[in-house]
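Throw the hints in and build the complete structure from the sequences for me.
There are 2 protein chains.
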Amino acid sequence: MSGQHPAIGRAEIIAVGTEMLGGGRTDTNSVFLTRHLEELGIEVQAKSVVADDFQLLERIVAEALARTELVLVTGGLGPTDDDVTRAAVAAALGRPLDEDEAIVAAIRTRFVRRGYEMPSINRRQGMVIGGAVVLPNAVGTAPGQWVEVDCKVIVLLPGPPRELEPMFLQEVKPRLETRVAGEQIVRRTVRLIGRTESHAEERLRPLYAAWRAQVPPVTATILAGRGQIELHLASRSIDPAVARRALAGATADVEQAFGRDVCSTDGRALEEVVGDLLREKSLRIAIAESCTAGMIAARLTAVPGSSAYVEGGVVAYSNQAKVALLGVPLSVIEEHGAVSEPVAVAMAEGARAVLGAGVGVGVTGIAGPGGGSEGKPVGTVVVAVAGPGPDVVARTFLFPGTRQHVRVFSTTAALDMVRRSIQFPA
Amino acid sequence: MSGQHPAIGRAEIIAVGTEMLGGGRTDTNSVFLTRHLEELGIEVQAKSVVADDFQLLERIVAEALARTELVLVTGGLGPTDDDVTRAAVAAALGRPLDEDEAIVAAIRTRFVRRGYEMPSINRRQGMVIGGAVVLPNAVGTAPGQWVEVDCKVIVLLPGPPRELEPMFLQEVKPRLETRVAGEQIVRRTVRLIGRTESHAEERLRPLYAAWRAQVPPVTATILAGRGQIELHLASRSIDPAVARRALAGATADVEQAFGRDVCSTDGRALEEVVGDLLREKSLRIAIAESCTAGMIAARLTAVPGSSAYVEGGVVAYSNQAKVALLGVPLSVIEEHGAVSEPVAVAMAEGARAVLGAGVGVGVTGIAGPGGGSEGKPVGTVVVAVAGPGPDVVARTFLFPGTRQHVRVFSTTAALDMVRRSIQFPA
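Residue numbers (this note's numbering), protein chains in the order written: chain A, 1 to 426; chain B, 1 to 426.
There could be a bad hint or two in this list.
Given that identical chains are not distinguished, each listed pair holds provided it fits within a single copy or across any two copies.
Said to hold, decoys possible - Result set (SDA-like, lysine to any residue): computed pairs, CA atoms no more than 25 Å apart in a straight line:
| no. | residue 1 | residue 2 |
| --- | --- | --- |
| 1 | K152 | T221 |
| 2 | K173 | D81 |
| 3 | K376 | E163 |
| 4 | K152 | R179 |
| 5 | K376 | R110 |
If you're looking for bench data, these hints aren't it; they were derived computationally from the structure.
Quick look at the structure:
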């Protein structure tokens with residue numbers, strides 16, 4: 001609850017960077033920030049992307065601050081000439097911009113620790129707007145700034161998400177928590193795999209109606225991508241426990257409707273669910289990949305601590321690699337073709353045997369754009385899972401879309417088959 | 001060329017729709033519009049997404065029109081209560097909003113032709129701002145509007161891309177062509193690897209000054225990420241060949257200044273450059289990955305046609321996998337540790353030998369968050385490249401940041417070492 005200040009209820013986000021105007025890069029920070037602001041009950045009413053232009057940014061910042069109670073400005077805090085955020089915001093507020101010796105010293109130390117001298121242009125990153133609270137950057141050189149302006153707040157955050165996200169969570173969110181009115185938005189994500197978006201939507205529609213009618217209501221947004229469906233549930237209440245109970249009820253409804261197609265109800269990604277299952281059963285996994293070429297191994301090992309259950313893998317892109325590294329008999333490839341259930345099974349069993357793992361997974365397919373035929377068009381992908389135990393399952397998929405799309409869908413399908421093999425053994 | 005009007009050189013885009021603020025949906029229209037405006041020589045200086053809020057939109061439209069010469073407003077032209085664009089723009093301009101009987105009749109005909117009666121709410125789509133030119137919608141019900149305001153222009157376009165795109169191309173672009181100065185913007189991207197952003201910037205600064213001073217000037221934006229630097233160059237001229245020549249000169253300056261650190265000057269990604277080099281030399285590559293665990297193979301094979309030069313790879317996550325699949329002697333691991341130059345070299349040579357390839361690359365490192373020690377902290381990564389020919393090079397890096405960050409930087413560093421080994425053999 002706010003003490004001396006009126007509560008902050010609305011916000012705008014300004015991303016600074018000419019490169020985000022063309023389409024080559026998009027502003028992903030605003031999605032992260034919006035989600036967290038909503039959790040605090042702060043509504044984002046507008047967001048914008050502005051070129052690296054001092055006068056334009058000065059004007060846009062002043063206008064946004066006149067319209068709303070909280071302005072978050074992301075990016076443009078680098079050391080170079082086209083990083084104009086600090087100076088433009090100072091000008092918009094009519095405040096001085098002064099070098100802070102302590103910040104410059106900290107930046108210099110960062111360089112020295114890596115064996116470099118600090119380039120003189122990095123001094124610019126030590127410039128602080130009059131009256132600002134400096135927000136330390138645990139990951140990069142540019143600190144953030146929190147500036148109180150009458151009853152409003154403007155916050156400067158670095159552009160790289162890996163710097164912005166921890167700074168927002170550690171420095172900005174706790175300060176905002178003391179400045180909001182009280183109703184909290186609580187969210188929960190349920191992941192489904194094995195349904196199309198349309199089929200999921202049909203089955204969800206009666207649930208939506210029931211959720212909207214209850215108190216507090218639960219709202220749902222469905223998002224499909226990468227071969228899976230995410231259902232984002234949200235509820236709001238002054239007492240977050242009440243909102244959480246409403247979400248638990250809605251989650252139970254989804255589990256009832258979708259059964260084994262529910263991958264997680266607590267936000268865990270598929271690769272985390274598979275990792276947790278492997279760890280629980282003290283199993284290790286070996287991966288043999290052709291068309292996905294390392295993407296399954298990379299996704300499993302993106303989870304910290306995955307060395308506890310990932311033994312290793314083989315990227316068997318050529319037939320020669322399938323024979324030499326996985327012991328797939330050349331006769332099986334010649335008889336059935338490289339993209340076939342017998343080859344996928346031999347790859348899964350070969351990986352498991354060669355690496356001495358409890359579970360083996362094999363993936364072979366035609367990602368395109370070339371390589372398709374009438375019988376096996378582009379998008380044909382075969383997944384086999386060997387283990388745990390003596391069981392082997394294989395399944396042939398036909399995925400639509402581009403090369404990258406087929407590869408991503410194949411990765412999701414393979415990890416989901418591993419999940420089901422462990423969670424629901426035959 | 002403009003006749004009675006001064007030329008339009010700058011624009012802003014406003015997308016209307018609360019649903020685009022959350023992150024579930026993104027504004028893709030602005031990417032389409034920006035590309036076409038740039039072709040006309042019109043620079044997009046800012047773009048924003050605004051909630052379905054009458055008063056807020058009225059204010060934001062008025063402010064944008066005061067800042068720039070052309071404002072494109074997309075979305076919010078539907079028939080429902082939360083479609084506020086027509087009324088908000090009329091209010092911002094202080095003009096009336098009147099029903100146009102001909103538009104309503106055309107909308108009614110669309111419904112009747114499909115066997116429906118027109119819902120009364122659709123009359124709203126026939127409301128026209130005073131003085132506007134109505135832009136017919138070949139695909140949907142909502143017409144667009146072109147409004148002249150003193151020497152400026154504001155255009156209302158429907159939100160669905162399949163309605164917006166033909167309307168822009170058929171109705172808006174031809175009108176804009178008569179209002180621009182005639183200059184085209186031409187762009188070129190140069191990629192650098194092996195420098196920090198600050199160091200690159202210091203060396204580029206004198207070039208920036210020279211480029212700005214020449215005719216036509218060349219502008220540059222620097223972007224760092226994933227362990228590489230992108231330099232986006234742009235120039236504008238009535239004759240695009242002149243702008244392209246200016247960019248060629250600037251590109252030559254960069255090549256002179258950065259030598260072997262220039263990865264590409266034609267926009268190709270690192271993995272494409274490596275692929276093209278392998279193809280040119282008729283070489284095939286084998287990849288042995290520990291901490292990157294498939295990311296190098298996945299990135300190389302993201303390029304269509306990469307089966308011509310990618311033989312395969314091994315994800316040797318455990319020591320057991322390094323020994324069994326790559327023939328790394330256990331004694332070398334025990335003596336030097338799994339993260340060491342001798343092990344990386346043995347991995348690169350092992351992958352090359354086992355897979356019968358011309359080039360082998362080996363990567364081993366500590367991605368974190370666990371596993372670091374005083375001598376080998378988190379972020380320590382060793383890359384070795386064996387070949388082409390008898391040469392073997394190895395290098396130890398120390399990367400900052402999260403697990404994912406270390407893995408991505410390692411992937412870039414490894415591919416760049418392959419590039420240099422082929423491009424500049426010892």
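Evaluation of the provided hints:
no., hint, result
1, K152 to T221, "neither (29 Å within a copy, 32 Å between copies)"
2, K173 to D81, "neither (30 Å within a copy, 34 Å between copies)"
3, K376 to E163, "between (46 Å within a copy, 24 Å between copies)"
4, K152 to R179, "within (10 Å within a copy, 41 Å between copies)"
5, K376 to R110, "between (55 Å within a copy, 18 Å between copies)"
Figure legend: structure checked against the earlier numbered hints; hints not met, in rising order: 1 and 2.
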